[in-house]
Amino acid sequence: MMSHKKLFATDIYQVLLSDFFKKNQKDLLNEILVLMQDDHAGREWSEVHYPKGYTSYASANQMHKMSPTFAELELCIRHHVFKYLKRLGLSVPKEQVTMSTCWVNIMEEGCTHSLHIHPQSIVSGTFYLRMPSKASAIRFEDPRYGLFMHRPPQTTHVSLSAKPGDLILFESWLRHDVPLNLAKEPRVSISFNY
Numbered sequence: 137m138m139s140h141k142k143l144f145a146t147d148i149y150q151v152l153l154s155d156f157f158k159k160n161q162k163d164l165l166n167e168i169l170v171l172m173q174d175d176h177a178g179r180e181w182s183e184v185h186y187p188k189g190y191t192s193y194a195s196a197n198q199m200h201k202m203s204p205t206f207a208e209l210e211l212c213i214r215h216h217v218f219k220y221l222k223r224l225g226l227s228v229p230k231e232q233v234t235m236s237t238c239w240v241n242i243m244e245e246g247c248t249h250s251l252h253i254h255p256q257s258i259v260s261g262t263f264y265l266r267m268p269s270k271a272s273a274i275r276f277e278d279p280r281y282g283l284f285m286h287r288p289p290q291t292t293h294v295s296l297s298a299k300p301g302d303l304i305l306f307e308s309w310l311r312h313d314v315p316l317n318l319a320k321e322p323r324v325s326i327s328f329n330y
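To convert, take the position in the sequence shown, counting from 1, and add 136; that gives our numbering.
Derived by calculation from the structure, the hints in this document are not laboratory data.
These numbers were taken from a predicted model, which means no experiment stands behind them.
Where hints are given, some of them may not hold.
[Stated by the list, open to error] Derived DSSO-like pairs (lysine-lysine); straight-line CA-CA distance at most 27 angstroms:
(1) Lys230 to Lys219
(2) Lys188 to Lys270
(3) Lys159 to Lys299
(4) Lys299 to Lys222
Please model the entire structure based on the sequences and the hints provided.
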């Protein structure tokens, strides 16, 4: 008797936050533009570490504590984080699951975000506000990639496209990047860690 089992699958969670997006898209975009204008430290950091883009990762990464609109987004995301944790089979007391960081990203044409992980977190993710035509999708690396030896060539990265209003959650240890953005208009997102 033959059996076939898939073991150690990598689970990514994606959902459209339609109601929240319709209600708050304009406010979030306005807040992000004001933040970018006022955030001199973030713009300077981005020039070195995020060329052709802006991120508040190193300067204003507590947006859920600074803005009522971002706080409302956090409540919306939290609901899905608990669903995702349950799906993963991870038992974490609810009081220990908190959003630790939340920042904004604006990727202009030609901007990239190199391969990375999110240390000291369980779940990370991105909420998409603007994804123009030709905007780069988030790309995940096969977590087994570093262990491949004489395996025949195969796809080692998978891109996951998103549209405005989409929320994508993933385990923080999963390496990911955003390849060169070819869109003429900015790609705008909000990233976070739990």
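For a quick check of understanding: which of the numbered hints are violated here, in increasing order? none
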